[in-house]
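Asker: These are the residues of each chain, in order.
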Amino acid sequence: MSSALGVHGIAPGPAVAALLIGGSAGAFDVLRAILRCLPAALDLPVIVVLHLSSRPPDGLPELLAIDCALPVKQAEDKEPLVPGTVYVAPPGYHLLVESHRAFALSADAPVHFSRPSIDVLFESARDTYGAAMIAILLSGASVDGAAAMQEIHAAGAITIVQTPASAEAGAMPLAALALFQPTFTGSPDDIVRRLPALLARSTTVSSRSPS
Amino acid sequence: MRPEVTDLEIRLLLEAIYQRYHYDFRQYAIASVRRRLLQALSGLHCDSISGLQERILHDPHMFPRLLAYLTIQVTDLFRDPEFFLALRRQVVPILATYPSLKLWIAGCSTGEEAYSYAILLAEEGLLDRTLIYATDINDDSLRRAQAGIYRLDRLQQFILNYRAAGGQGSLGDFYHADADNAVMSQELRRRITFADHSLATDSIFSEVQLVSCRNVLIYFDRELQDRALGLFAEALCPRGFLCLGTRESVRFSAHATRFQEMGTGQKIFRRID
Chain A
1 MSSALGVHGI
11 APGPAVAALL
21 IGGSAGAFDV
31 LRAILRCLPA
41 ALDLPVIVVL
51 HLSSRPPDGL
61 PELLAIDCAL
71 PVKQAEDKEP
81 LVPGTVYVAP
91 PGYHLLVESH
101 RAFALSADAP
111 VHFSRPSIDV
121 LFESARDTYG
131 AAMIAILLSG
141 ASVDGAAAMQ
151 EIHAAGAITI
161 VQTPASAEAG
171 AMPLAALALF
181 QPTFTGSPDD
191 IVRRLPALLA
201 RSTTVSSRSP
211 S
Chain B
1001 MRPEVTDLEI
1011 RLLLEAIYQR
1021 YHYDFRQYAI
1031 ASVRRRLLQA
1041 LSGLHCDSIS
1051 GLQERILHDP
1061 HMFPRLLAYL
1071 TIQVTDLFRD
1081 PEFFLALRRQ
1091 VVPILATYPS
1101 LKLWIAGCST
1111 GEEAYSYAIL
1121 LAEEGLLDRT
1131 LIYATDINDD
1141 SLRRAQAGIY
1151 RLDRLQQFIL
1161 NYRAAGGQGS
1171 LGDFYHADAD
1181 NAVMSQELRR
1191 RITFADHSLA
1201 TDSIFSEVQL
1211 VSCRNVLIYF
1221 DRELQDRALG
1231 LFAEALCPRG
1241 FLCLGTRESV
1251 RFSAHATRFQ
1261 EMGTGQKIFR
1271 RID
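As given, the protein sequences belong to chains A and B, one line each in that order.
With my numbering as the guide, the letters of the first sequence map in order to residues 1 to 211.
With my numbering as the guide, the letters of the second sequence map in order to residues 1001 to 1273.
None of these hints come from the bench; they were simulated from the model.
All figures in this text were calculated on a predicted structure; none of them were measured in a lab.
A hint or two may mislead.
Some chain B residues close to chain A (C-beta under 8 Å, calculated; not the full set) [unchecked claim]:
{"hint": "1", "residue": "Pro-1003"}
{"hint": "2", "residue": "Arg-1011"}
{"hint": "3", "residue": "Ala-1031"}
{"hint": "4", "residue": "Arg-1034"}
{"hint": "5", "residue": "Arg-1035"}
{"hint": "6", "residue": "Thr-1071"}
{"hint": "7", "residue": "Gln-1073"}
{"hint": "8", "residue": "Val-1074"}
{"hint": "9", "residue": "Asp-1076"}
{"hint": "10", "residue": "Ile-1218"}
{"hint": "11", "residue": "Arg-1247"}
{"hint": "12", "residue": "Glu-1248"}
{"hint": "13", "residue": "Phe-1252"}
{"hint": "14", "residue": "His-1255"}
According to the in silico footprint, chain B covers these stretches of chain A (three or more CB under 8 Å from chain B) [claimed, not checked]:
{"hint": "15", "stretch": "39-52"}
{"hint": "16", "stretch": "71-78"}
{"hint": "17", "stretch": "102-108"}
{"hint": "18", "stretch": "116-129"}
We put the CB at the ideal spot given by N, CA and C, even for glycine.
Start from the sequences and build out the full structure, keeping to the hints where you can.
Answerer: What follows is the structure, encoded as structure tokens:
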């Protein structure tokens, strides 16, 4: 490779230890496509906040599990994060990650009219994982997630924002793009195509000097 | 951008608060404490946790303001109406068999939960033989709870919740409204004793038939959750009721075997040991 960039044009960094996905209006199908592309041998936890417009059924994890190779479950208070599991924020509560890598719930006021809020989860994940994470922000009609995505990006983590034009509701990606330039923006197809290689970013890659 | 706030700074601050003011947040879940402290930094115009620590140690007016950020929980009358509906249908008939009733609302904040119980019991004809202990660690919240005054713009939500919770009459029977506020009626307030009590440092004060502590334990770490659940088991009469928040559980606790879930679809347990 001739540039200082590593695999797929992404600067080498620490091993990715968590995948975070936030979405709102129009994000459900994209989220399913992303979960579908995750390998069964994935060695990190996946944590999802999806805003749902009306009072949501408790069945979201089951729905998402249909064509995902990994187990999908609702995150529980104080539950330790287990690699290879997809966790979904429970309705009506904020979901946070503690520094000892267990979940905590909060009934604090909604943020950007949302509880669970993407900002709340993503900020706590940034405090825990720093650069060692990938955060994806999908379609939505809110500004939730934008501020935390900027912080995650500043911490050196990989940030992915769905292109507003490819989103059913472009406001959420636009709010993020107004704040910072993510690692990449892409359509759902782009994200699904590039994500597996990014997830494989390992310490071996980061310790190898660019040649 | 948020200032960087490490677990270490938070632990030092919580230790200082404990040493100086005897409020014990040292076993609170850190991630939520961090969020609330960041809000406090912004609201109290401090640049860092150590700056905040200096001010609360030297300025006695500062600590109550910080305490508000750390403790106040915004809730509604009849929050989670389906919980109160289950309570009305499946717990109240059993409560009605006791000649006198004592309830403990732990972590009552500004009183909404305590008044919800009082209204429900009044409608079920049980309030006259009931005493409700509603406790919190924040004196300012307790004063507001005691006053029972809520802004009128919150009433619409209260009324929706009340109806969804199986309210039988008119919520208006339980408050007096002026231009800006609703004041909870004397009939309710004389059955509720608001008192200072810490689940982290105090012990039990009475035997009760029901403990309600909803969405409080999620802010505690495992050890403090265990302490609180131990207090509840100790305070409850045999077969007494424990009500927790929708996403709270006794499952991972050392006291798990002392409680049995009732099967109401809500987090309502009975003491079985």
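Asker: All hints, please: hold or fail.
Answerer: To see whether the hints hold, each was checked on the structure:
Proximity of Pro-1003 of chain B to chain A is violated relative to the hint, the smallest CB-CB distance being about 11 Å (cut-off 8 Å). This hint is violated: Arg-1011 of chain B has a C-beta 11 Å from the nearest C-beta of chain A, more than the 8 Å allowed. This hint holds: Ala-1031 of chain B has a C-beta 4 Å from the nearest C-beta of chain A, less than the 8 Å allowed. Checking Arg-1034 of chain B against chain A by beta carbon gives a least distance of about 7 Å; that is within 8 Å, so the hint holds.
Look at Arg-1035 of chain B: its Cβ gets to within about 7 Å of chain A, closer than 8 Å, so that hint holds up. Given hint, Thr-1071 of chain B at the interface with chain A, is violated; its Cβ is 11 Å from that chain's nearest Cβ, farther than 8 Å. Given the 8 Å rule on beta carbons, the hint for Gln-1073 of chain B holds: about 7 Å separates it from the nearest Cβ of chain A. Taking 8 Å as the C-beta contact cut-off toward chain A, the hint placing Val-1074 of chain B at the interface holds, the least distance being around 5 Å.
Against a cut-off of 8 Å between C-beta atoms, the interface hint on Asp-1076 of chain B is violated, since the closest Cβ of chain A lies about 11 Å away. For Ile-1218 of chain B, the shortest C-beta to C-beta distance to chain A is roughly 4 Å, which falls under 8 Å, so the interface hint holds. The beta carbon of Arg-1247 of chain B comes within 5 Å of a beta carbon in chain A, closer than 8 Å, and the hint placing it at the interface holds. Look at Glu-1248 of chain B: its Cβ gets to within about 6 Å of chain A, closer than 8 Å, so that hint holds up.
Hint status for Phe-1252 of chain B relative to chain A: holds, with the closest Cβ pair at about 6 Å, below 8 Å. About 15 Å separates the beta-carbon of His-1255 of chain B from the nearest beta-carbon of chain A, more than 8 Å, and the hint is not met. Under the rule that three or more residues need a Cβ within less than 8 Å of chain B, the assignment of the stretch 39-52 of chain A is violated, with 0 such residues. Here's how the stretch 71-78 of chain A fares: 3 of its residues keep a CB closer than 8 Å to some CB of chain B, so the rule of at least three is met and the hint holds.
For a cut-off of 8 Å, the count of residues in the stretch 102-108 of chain A with a CB near a CB of chain B stands at 5, and the three-residue condition holds. Chain B is given as covering the stretch 116-129 of chain A, and this holds because 4 residues of the stretch bring a CB closer than 8 Å to a CB of that chain, at least three being needed.
Going through the hint list in order, the structure does not satisfy hints 1, 2, 6, 9, 14 and 15.
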